[in-house]
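For chain A, the structure is supplied; the task is to place chain B on it using the hints.
2 protein chains.
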Amino acid sequence: MSIPDRIETRISKLFNIRYPIIQAGMVWVSGYKLAAAVANAGGLGLIGSGSMKPELLKEHIQKARLHTSNPFGVNIPLLRGDADKLIQTVIDEGVNIVFTSAGHPGKYIDQLKNAGCVVTHVVPSVKYALKAESVGCDAVVAEGFEAGGHNGIDEITTFCLIPQVVDSVKIPVIAAGGIADGRGMLAAFALGAEGVQIGTRFAASEESSAHPNYKNAIINATDNSTVLILKKITPVRMIKNEFALKVLEAENLGATKEELLELLGKGREKAAIFDGDLNNGEIEAGQCSGLIKEILPASIIVNNILEEYYIAKNKLA
Amino acid sequence: MSIPDRIETRISKLFNIRYPIIQAGMVWVSGYKLAAAVANAGGLGLIGSGSMKPELLKEHIQKARLHTSNPFGVNIPLLRGDADKLIQTVIDEGVNIVFTSAGHPGKYIDQLKNAGCVVTHVVPSVKYALKAESVGCDAVVAEGFEAGGHNGIDEITTFCLIPQVVDSVKIPVIAAGGIADGRGMLAAFALGAEGVQIGTRFAASEESSAHPNYKNAIINATDNSTVLILKKITPVRMIKNEFALKVLEAENLGATKEELLELLGKGREKAAIFDGDLNNGEIEAGQCSGLIKEILPASIIVNNILEEYYIAKNKLA
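Those sequence lines, one after another, are chains A and B. When the first sequence is numbered by numbering that gives the first Met the number 0, its final residue is 316 and no position is left out of the sequence of numbers. When the second sequence is numbered by numbering that gives the first Met the number 0, its final residue is 316 and no position is left out of the sequence of numbers.
Source of the hints: derived by calculation from the structure; they are not laboratory data. Fair warning: this is a prediction, and the values are worked out from it, not measured in the lab. Heads up, none of these hints are tricks.
Same chains, same names: a pair is fine if it fits in one copy or spans any two.
BS3-like cross-link-like pairs, simulated, lysine-lysine; straight-line CA separation at most 25 Å:
no., residue 1, residue 2
1, 130, 239
2, 256, 230
3, 126, 239
4, 312, 12
5, 314, 169
6, 292, 126
7, 292, 169
8, 130, 292
9, 130, 169
10, 62, 269
This is chain A alone, in the form it adopts within the complex (with noise of 0.2 Å):
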């Protein structure tokens, strides 16, 4: 089928994209050939600097140029210790699209908009988007419980979380959590969200950095695949491993926060996500895995989003 060249909404506008599919800044995943492969397709792609020193973000956000002239973006986890040294990063590289994550923005806002950036924030819960809305954000990313890595403590899906949101704030909504097709995508935007922001679809491209075994734990998981575990620390949905089952067990016999702290170590993102460890690491995953069944180039995933888009489109009319 053919596809229109545009979908104009505030958030195509906002980032100058011409799909507003947004291609999440995940660890170990999404460095430069994710981000720019995805911007060559026309949505925006993120550089995920949470799993990089500020030197290694850098080399990768100067990469990105040289495979794409097409705005692309970076993520910045804000409770990273040194989360001002990946800022001024990405201030000194010019880049103008910064999306933060786990934290509060309100601290570096004004630094990033001085410098001529667009500040989305991702938010978990309808008293949050108005906070990021209160101190300036251009837009939110409303993300759900279905949601793979870190997520809020509320636990409000998607489903239930969009449309709370854009009642709530006059800024663009981005959904996140749960889409992995244009089905999703298009229910999404019924919902009222203005783009979509796609995670373990991408993470499971062939430009994701991931391990192999990584993405095809992806590949092979089903709807009941993944789990929402560490509630005590920070919550942190994953595929069902050894090391989940565990950290399950644990938590019904009432673990602590000191306890699970210890149980859950150092690394293990990198072991299950960069290393390939599925036992040992944790394969971080959204819910919608189970929709996930093929490791394809990321150009073929946006126009298959977008395909998918239109077709279940033209069912609803």
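Below, chain B without anything else, positioned relative to chain A:
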């Protein structure tokens, strides 16, 4: 705006109703008044037999007939000790639309089909949808994690559940969980559903037999007011109150199933929903409660949902 006379899907055809909007069968909430009001408005009303003895169910069925000439149905939770008596009552009274939940329909399907019933089963995952289809159910309600009251253990959200169930079964799928308005209905259809089952919004209707305190608790809820607890027994979503927070605390400390059963005791659904005890009862309600702002007649609710549906649809186009 003008609302078309019918919305044709396999679900509206299956039940011979004008609009594929199903009012969920809810304990202490949906007697003949609510079911008949929804039927008269062109949707499918369900008498919730979960809080009724067979004699009372018989009375409600007969009264529903006096108040509507349109189709209506009965929801039967199969885990009830006397489920067979409820089923016999439904058959004896000539009701030919039965929704089964909380259990496996295989045991009763032949009896119901031989009596001429259309049988729809409520499922929380792909596995149970396939099972329902394989024993001969005519449709499934795929109910997400955000739904009020009893819930599945896999915590699969409506956004992720609907497309995966739609891709897995040939029978039509009704979406449930998180749907409180026409935007939600449109989103569910975008994901492939052919009908929606709506609980909480009708629980807060004028014809709902619930206590005014309970209805007001829904009206006053925000996006993060509900919580899914009692996971070691049967997961239940309810509005946070003194009782729910007590359970949550016990669960965080690792309470066993036996300890939770003791804490739960008996009669808490009735206490909150029918008697209005908002401190000690289970205020069962969906996560979409935050979207519900007014107690209205069921006919207005149906009409508003349809208006919202068409407004959202026009916006998409």
